[in-house]
Amino acid sequence: MKSTPHPAPATTEQAESTTTRIARKTWSYILALAAGLCWAGALLLLFLADMHVEANPLAPQRVLFYVLVLAAGAMTFIPAAQWTGYEGLALEGIGGMALLLYTLAFVPPPTDWLLALPDLPVYLLFIMALFWSVSALVFPLCMRLGIWCSNS
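So this note's numbering is basically just the index in the sequence shown, starting at one, shifted up by 4.
These aren't lab readings, by the way, just hints derived from the structure by calculation. Beta carbons: idealized from backbone N, C-alpha and C, even for Gly. A portion of the hints provided could be inaccurate.
[As the list claims (entries may be wrong)] The calculated label-pair distances, taken between Cβ atoms and stated as ranges, are: (1) Leu129 to Ala59: 12 to 22 Å; (2) Gly92 to Cys153: 18 to 28 Å; (3) Pro122 to Gln86: 40 to 50 Å.
Given only the sequences and the hints, what does the whole structure look like? Please build it.
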């Protein structure tokens with residue numbers, strides 16, 4: 005029996021495009037893994053470390069938290085902004101998540117009811133951060149749903 009070799013690509017452009025696609029997919033997986041590790045590290049620091057005790061904003065543990073949150077936000081929301089074509093999504097996502105996690109980690113919880121004057125800024129900051137981060141998370145899903153519904 006004579007074995008036939010696999011047919012070669014018609015042009016080198018097709019071979020390059022396949023190689024480029026595989027490389028792009030590999031980098032996407034690496035980026036997603038790195039973002040997941042950054043989110044996991046930031047959440048571990050948030051829940052397990054007692055960071056608000058340290059008053060110095062440049063303490064090593066706090067700086068590590070800042071870097072992890074900003075890196076995770078960048079690796080999550082910059083590709084989403086490129087995919088949606090809405091450049092403001094990157095700023096909205098990184099800023100919203102950083103503000104939300106900073107508020108949860110370092111701002112002392114309120115001690116009085118919602119409209120008590122000393123605690124009102126804490127409530128407003130938390131509500132603003134929550135709205136900003138949730139809107140950044142939901143926007144790509146709403147956009148995808150809109151594209152899917154318009155094509156149906």
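Here's how the hints hold up against the structure:
1. Leu129 to Ala59: 12 to 22 Å: 19 Å, holds
2. Gly92 to Cys153: 18 to 28 Å: 23 Å, holds
3. Pro122 to Gln86: 40 to 50 Å: 43 Å, holds
Checked against the numbered hints above, the structure breaks none of them.
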